[in-house]
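Asker: Chains as they are written, first to last, in this note's numbering: chain B, 1 to 294; chain A, 1 to 294.
Honestly, the hints are just simulated from the structure, not real lab data.
Some hints could be false.
Any copy, or any two copies together, can satisfy a pair, since identical chains are not distinguished.
Unchecked claim - With a straight-line cut-off of 25 angstroms between C-alpha atoms, the simulated DMTMM-like cross-links for lysine to aspartate or glutamate are:
1) K56 to E135
2) K130 to D195
3) K138 to D195
4) K115 to D76
5) K138 to D122
6) K130 to D76
Letter by letter, the chains look like this.
Number of protein chains: 2
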Amino acid sequence: MSNHVSPTPPILLTIAGFDPCGGAGIAADLKTFAAHNCYGIAAVTALTVQSTQGVKSTHITPAATLRAQLDALAEDIAISTVKIGMLGNRANAAVVAEFLDHGKFAHVVLDPAVKASLGGADLLDAGGVKFLSEELLKRATLITPNIAEAELMTGLEIRDVAAMEAAARKLFEQGARAVVVKGGHMEKAIDVLFDGTELLALGGDRIKTENTHGSGCTFASAIAAQLASGRGLHEAVLLAKTYVTKAIERSFVIGKGAGPLDHFYRFHQEPAPRGTHEVPQHGLHPAAEPATHR
Amino acid sequence: MSNHVSPTPPILLTIAGFDPCGGAGIAADLKTFAAHNCYGIAAVTALTVQSTQGVKSTHITPAATLRAQLDALAEDIAISTVKIGMLGNRANAAVVAEFLDHGKFAHVVLDPAVKASLGGADLLDAGGVKFLSEELLKRATLITPNIAEAELMTGLEIRDVAAMEAAARKLFEQGARAVVVKGGHMEKAIDVLFDGTELLALGGDRIKTENTHGSGCTFASAIAAQLASGRGLHEAVLLAKTYVTKAIERSFVIGKGAGPLDHFYRFHQEPAPRGTHEVPQHGLHPAAEPATHR
Chain B
1 MSNHVSPTPP ILLTIAGFDP CGGAGIAADL KTFAAHNCYG IAAVTALTVQ
51 STQGVKSTHI TPAATLRAQL DALAEDIAIS TVKIGMLGNR ANAAVVAEFL
101 DHGKFAHVVL DPAVKASLGG ADLLDAGGVK FLSEELLKRA TLITPNIAEA
151 ELMTGLEIRD VAAMEAAARK LFEQGARAVV VKGGHMEKAI DVLFDGTELL
201 ALGGDRIKTE NTHGSGCTFA SAIAAQLASG RGLHEAVLLA KTYVTKAIER
251 SFVIGKGAGP LDHFYRFHQE PAPRGTHEVP QHGLHPAAEP ATHR
Chain A
1 MSNHVSPTPP ILLTIAGFDP CGGAGIAADL KTFAAHNCYG IAAVTALTVQ
51 STQGVKSTHI TPAATLRAQL DALAEDIAIS TVKIGMLGNR ANAAVVAEFL
101 DHGKFAHVVL DPAVKASLGG ADLLDAGGVK FLSEELLKRA TLITPNIAEA
151 ELMTGLEIRD VAAMEAAARK LFEQGARAVV VKGGHMEKAI DVLFDGTELL
201 ALGGDRIKTE NTHGSGCTFA SAIAAQLASG RGLHEAVLLA KTYVTKAIER
251 SFVIGKGAGP LDHFYRFHQE PAPRGTHEVP QHGLHPAAEP ATHR
């Protein structure tokens, strides 16, 4: 039997925590990468004890083990793009900074997971938050905080889109090369994108569902996958917003709390794209059209 | 915007180690479940430091953390089927036995990961192997050792299909309700299935590739997914053999060693099935036709 090796897809590394219920963290990232015809690898920063009802406890990976995982991967595999999520503590954040300094990556998407959306468990210690804001931020090509994370990293209080925009500008001044402030938890689900030049408010209706477990991780991973597949920043963010919106619409009723998204909704409802490198260009969802806001 | 929740798919739990390069362990299991339109959740028994070139070290999850992960999942989510892979040590094997005793699962597929195929790193300590052979075995509805694992669990030396069949019978006598001895590492890639009544040798040509990283995990997970989707044992094993064969044929050249399978080859080459519960009924690969062997 002959061997029909598949063409090598873009390879993304996620550095994040593991969520046993598979909705968030590394499982969500790997599913999102696969749904975009990318190949995902992963370094585990923490094991969370978690269900759809929230994070009960976290078991942070020792820094030496995190470093060993990263070294083994980097020695072996040509990594295009890095996506960073939960780090656990300052020691692991420092390992990641060192890793980024010794590698060359097309894109580094930093999704600063600081607190669990559900239940509010700490995903990063205070020293880690400081290190993230002062050091990791500068090493990212894109940072994607939600409102609470943007507040923590800027000291601003964010109650409306104008304040989201101010936070995006401030994070840029603090060293981020591009910023998406995720407004998924706001009433209108508007996201703000700032690349140092243009400031865009991306509209979106809030979907009537509690099944949004892992939507923040998924959005950031989808942006990373689109960037790794060659899209420009604006297009990557818009396509990712469409993707996460549809994956939330098709979410599963699993567990007693916030259910997970259907990361593979495209495969479940329409013919799959042909070829491994092709990223589907579905028509932009009307809600995801950019609206220049100021 | 209305909410189009997806129908709840069969839910499978994998209890296994984490492989950072994504080819084996939990990542392979979750991808396999998703490729079969099932939803996967996971409890992490160990973090491995691993690349396509082999396992460098393993960091076993403390038993209390493994138990906490399992309890959080079982309290929250209706689990159909459990798939067990790398356990690390006896303490974790005992946690899993206790978990199985307190739950009701349609199927329990035990894939006894004892040694890494590449490099031979220990994935289970000696006490764990004994516990597996004497205790866990009895709690499984199906056990899927490869040749080396079947040798270790039976004390038999296995050099041919007849010896594989003898090992399958012996494992049944030791308490397994059904056995698949995986011959993927043999020259002809024949698998032996014994359910206590019928003994089948399932033929298959060995595919000319080194990219078989995680094929054992994937085969066992695919069987579990087919069982959870309602197939009988024989059909589940045949469909899983077809799946893993095609996923190996479409494997990726990633890393310097044994590359990973393309778990989503179906989505990459043909229209996806409609509906979440539907498991694709591709024509059986000729190599996967059953041949009654004695």
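Asker: All the hints need checking, so say for each whether the structure fits it.
Answerer: These are the hints, each one checked on the structure:
With identical chains, the CA atoms of K56 and E135 are never at most 25 angstroms apart, being 29 angstroms at best within one copy and 30 angstroms at best between copies. For the identical chains of this complex, K130 and D195 are intra-copy neighbours only, at 23 angstroms inside a copy versus 59 angstroms across copies, given an alpha-carbon limit of 25 angstroms. In this assembly of identical chains, K138 and D195 lie within 25 angstroms of each other by CA distance solely inside one copy; the values are 14 angstroms within and 59 angstroms between copies. In this homomeric assembly, K115 and D76 come within 25 angstroms of each other (Cα to Cα) only across copies, at 21 angstroms, whereas the closest approach inside a single copy is 33 angstroms.
In this assembly of identical chains, K138 and D122 lie within 25 angstroms of each other by CA distance solely inside one copy; the values are 23 angstroms within and 41 angstroms between copies. When the C-alpha separation of K130 and D76 is checked against a cutoff of 25 angstroms, the pair qualifies neither within a copy, at 32 angstroms, nor between copies, at 35 angstroms.
When held up to the earlier numbered hints, the structure conflicts with 1, 6 and fits the remainder.
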